[in-house]
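Residue-level listing of the chains:
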Amino acid sequence: MAEYDLTTKIAHFLDRHLVFPLLEFLSVKEIYNEHELLHGKLDLLSDTNMVDFAMDVYRNLFPDKEIPTLREKRTEVVAQLKQLQSETEPIVKCVLFYIYFCFNFCFSMQFRQEYLDTLYRYAKFQYECGNYSGAAEYLYFFRVLVPATDRNALNSLWGKLASEILMQNWEAAMEDLTRLRETIDNNTVSSPLQSLQQRTWLIHWSLFVFFNHPKGRDNIIELFLYQPQYLNAIQTMCPHILRYLTTAIITNKDVRKRRQVLKDLVKVIQQESYTYKDPITEFVECLYVNFDFDSAQKKLRECEAVLVNDFFLVACLEDFIENARLFIFETFCRIHQCISISMLADKLNMTPEEAERWIVNLIRNARLDAKIDSKLGHVVMGNNAVSPYQQVIEKTKSLSFRSQMLAMNIEKKQSHANRNEVKALCSFAKILMIRPINLSCFLFVLSEKKIRIARCKL
Amino acid sequence: MSRFFATGSDSESEESSSADEITPKATGTTFNKNKEAFTTNLILCCPLRFRFEELTNIIKTIRNAMKIRDMSKCLEEFEQLYRAFLKSKTIVDKEGVPQFYIRLLADLEDYLNQLWEDKEGKKKMNKNNAKALSTLRQKIRKYNKDFETEIASYKEVLNSSTNVISLCRCQDEESESDDDEDSEDWGSDSVDSGGESEDNEGAAASLAVVFLKKYKDGRRKRHKKIEQVEEEVDEDGEAEEGGWEKVKGGVPLVKEKPKMFAKGTEINSAVVIKKLTEILQARGKKGTDRAAQIELLHALSGISNENNLGQGILVKIKFNIIASLYDYNTNLAAFMKPEMWKKCLECIDELLDILFENNNIFIGENIAEDSENLAISDQPFRVRGCILTLVERMDEEFTKIMQNTDPHSQEYVDNLKDEGRVCGIIDRLLQYLESKGSTEEVCRIYLRRIMHTYYKFDYKAHRQLLPWVTGPFSEQDQEESEGEDSAIIMDRLCKFIYAKDRTDRIRTCAILCHIYHHALHSRWYQARDLMLMSHLQDNIQHADPPVQILYNRTMVQLGICAFRQGMIKDAHNALLDIQSSGRAKELLGQGLLMRNMQERNAEQEKIEKRRQVPFHMHINLELLECVYLVSAMLLEIPYMAAHEFDARRRMISKQFHHQLRVGERQPLLGPPESMREHVVAASKAMKMGDWRTCHSFIINEKMNSKVWDLFPETQCVREMLVRKIQEESLRTYLFTYSSVYDSISMETLSEMFELELPTVHSIISKMIINEELMASLDQPTQTVVMHRTEPTSLQNMALQLAEKLGGLVENNERVFDLKQGVYGGYFNRGTRTRP
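Protein sequence lines, in the order shown, are assigned to chains F and E.
Here the UniProt record's numbering is used: the first residue of the first sequence is 1, the next is one more, and so on.
Here the UniProt record's numbering is used: the first residue of the second sequence is 1, the next is one more, and so on.
No lab work stands behind these hints: they were computed from the structure.
Where is the CB? At the ideal position from N, CA and C, for every residue including glycine.
Only true hints are included.
Cross-link-like lysine to aspartate or glutamate pairs, in silico, EDC-like; alpha carbons within 16 Å at most:
| hint | chain 1 | residue 1 | chain 2 | residue 2 |
| --- | --- | --- | --- | --- |
| 1 | F | 397 | E | 810 |
| 2 | F | 413 | E | 817 |
| 3 | F | 397 | E | 803 |
| 4 | F | 412 | E | 817 |
| 5 | E | 766 | F | 285 |
| 6 | F | 413 | E | 813 |
Here are some, though not all, of the chain F residues that point toward chain E, as calculated from beta-carbon distances under 10 Å:
| hint | residue |
| --- | --- |
| 7 | 271 |
| 8 | 272 |
| 9 | 273 |
| 10 | 274 |
| 11 | 292 |
| 12 | 396 |
Partner residues aside, some chain F positions facing chain E, computed with beta carbon under 7 Å:
| hint | residue |
| --- | --- |
| 13 | 291 |
| 14 | 335 |
| 15 | 338 |
| 16 | 339 |
| 17 | 402 |
| 18 | 403 |
| 19 | 406 |
Using the sequences plus the hints, can you model the full thing?
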């Protein structure tokens, strides 16, 4: 199962602290060797100040060994924390005071740069120690106080987002995400390469938010697929994100625009198929490019395994399977006019009874125009072919209205113009107002030549 | 020049001018000038001096004019001479007519007569000159009558003297065998002989005797000098032949220096540098003998080498040798002679040797002349000069040579063999610059390297991909396999340029070459992504023509690559621009189209010729066209079948339609011969859904040898093509005949087109989903059921009419919108009201 695991790829673009949840998840799933995982965790912790956590891990890893330098580090960290705290306290008090009493204090009083730096350092230290709520709080102050041009402004935003994510505070995280995105997109100073990097990071961090926030799945499509800069970033830097995009699209509830979204998605997947492939994208490819339902079915089964082992996607497993089935069925119906239920059940990974119930439900909810022939065990689709008459009607439907509008416009403009002429136009409009079915017979007589005459009269 | 030669003796320089054919005539005259001035000063005492000097001066100009056949000048000067002579009448009466005056008159007359008889030459003369010639001839005839006796006696003497000369020459030849060429010149060139004998004449008191004596003296002196030189040569231990030594003018001076070297080395290097600057000063001046300069520099380098003057000077001299080799051709458009070029190649090689051996030499364009350090070996040498420029120029010359060689001759192959050496030099320089050069220089040399790599197909890497192919080249294989894979090299070089280059042009070229290389090796996705990411399509029209040509080549290669990968649509899109213009040959820089002179004058043609890509880099045009036509066929035929009744059908490929029409116009259809005819025949077969015939037209012996065998993975391409033909034929068949069927079994279809059932299913499903085919599948029976929506002809007409009505209304609306401001012009025609 490890072959489809993206943790290593994703971890490149994440903060140290954000990787912990992923590792925790992996250790539960037991895909990798427990021992190696713990090693990895310890390595991760080595550069942070979460000494207690590190000690725990160390004890797990080597139960019989004495913990080496960590104790010293701990005292060091605590001392540093104390010092920073004492430095920051007056500032915070002062800030709080001013925030409550006169909001625009940073304009009225020259808040000294050192104070801000201290505040920032303290917040960062808090974050490194694992005290995310504290970090978020101080970063909030910091953000309120600093102008957008400050060198730490962007960093503070990233820190705030990370803290909110780690506290699982999704609403706030979503807000921070939008703010961060605006900052990145409006940044004209950084080079294209830097922007690309920033966007890639944002894309990865946002996964936490999008797959946990209730409205996340709409936003993810909007951001990843329809923002060209972000789509480019995905295509150049991290095509593996396509997995999340695809899942989000398939599980998306919005039926109306689904078809268009899918079309766009298929384009992207096909374009990137040489760099990234996994059962989820292959499923879409099988279904919408090759119309190979058997392999789509196979892929769907593989998808299940992939989803279960993915930190972000494990929550939407149910949704995904249900929707994928529906997709298969829908496409199937559009192509076929007569399907045997047993075959369908097989394709959808259900028992025949289940399948029949499912179809009945679909028909009843008016999502499917079909009848069940229970004698033969077939589903017979309603014929939805368009007859030529209908086509003629469709084509000429709007003509009368449009001509009328035109005539009215002309009348308005030319109220005193030659009446006869306008009448000619109106009579032509009347011709067009004849019921379209008659029109087709009528038009048979009226050859193209006559149309030209009519146009001349106009 | 004059400074240089002034130090040498006259007789020596004489030798050089007569012996060396390449030497311009002007050199000779310069010496005469010196000599004459000298002699007149000697003989005539002060009162006479002024007059005679004037005369001699005029005579000099006349002789010069004679040499360049400038008759009008001759005439002018002659009149002046006449006047000057009259002025000095008193002196002349006292002293008698000066000999040189008589001599000139005699020579001039002879010369004019000779010219007069030379009808060919006269025709070639311009009008002024011809007129001057006739007047001058008449005048001199009249004038000479006064001096008849003197002239006659002079001529007599001259005759006898030439006899004597030849006599003593015989003696010379006995004693000096290597004087041959000299004497030949003496006899053959009559005009020159006049000029030569003149030297001695000025000093003659009594004509015959003194003249001869003097002459002999001169000869003797000359011999002495030669002997002396040879002695020196021997002393120096030069292995060079004496006669060859004589050829170059400055030898005695150069030769003298080794003697000075004995005293102290430091002075010597200074002297050599001085000498070098002296030689260089002549560079670029009119009348400088470029070949001689090269020889001189060579000799100088030999000397400095012998005396161990240090590498600094050697490098400096080498630089100048190469530079003067390039100078040899003054015209930039003309190409160097291959021999010269090869010499240059050797020089660069030697220079690189030196640079590699000695780590303490700094070379650079920005080292000022005065801050150069050529001699002091304790400090690192600093030499002005840019080896990169030299190598670039060498490479350009190579391209020029290739452009100007007939590509179908053995010569071309021979020249092409040198490409390896060029690459070798570039590689060595690359190594050198990687350690020493600036990033810009490294970028430039990298681009050179890339330019020599990108168009070559890496057979070795290709063979590694196909391990089952064991060719007879296994030995060669092992040799080659030591080298790096060209893809890796390209990647490394290009990425460096992308990161470091600051000039846009080098980066653009590098990107294009990188894409080309990817495409050539069928790495389609990388090539495509690079093309898309570079955004070159947007601004390539602002680039200079060579880059545009490179871009076109890249696009074509990209298209061919897409075709090999079976991406017909991409292939078609990539090739569309090049092919639709009908000027593929020109756009790829592979030849000029015949055009009339109004569109392009000779100058433009020259420029365009210089842009041509050498033959060994060409892309096969027939292959290109075939790939394009076949992909157009695969796209167009099903499209045509699907939109048979569509009123607004548009063409995908105009060129393809053109070919089809050409095919239809033929009254008799024989079996196809050319590639185009094959494609047209195949298209016709495909139109009927007959894939077998189509297949046999596209892939057969003829087409294989013409087109398909040119691909490296021939077999894969053919398989892909067969598959595509089957699929597209199936689609065409369904479009064309669906109205005939009520239902059709997929199994039958799969048998008919020899495709697997899932493929057929997939194709049909796609058609249904895209609403191209009005049908649906019946799953239990595995059949396609047609929906009979294909309208009857009446319905079709109705549909078309409805569509036209729509168009009509749309047009009306557009007209209304257009005329909104001044609307009513149409309606108001005839009525006079207007709002």
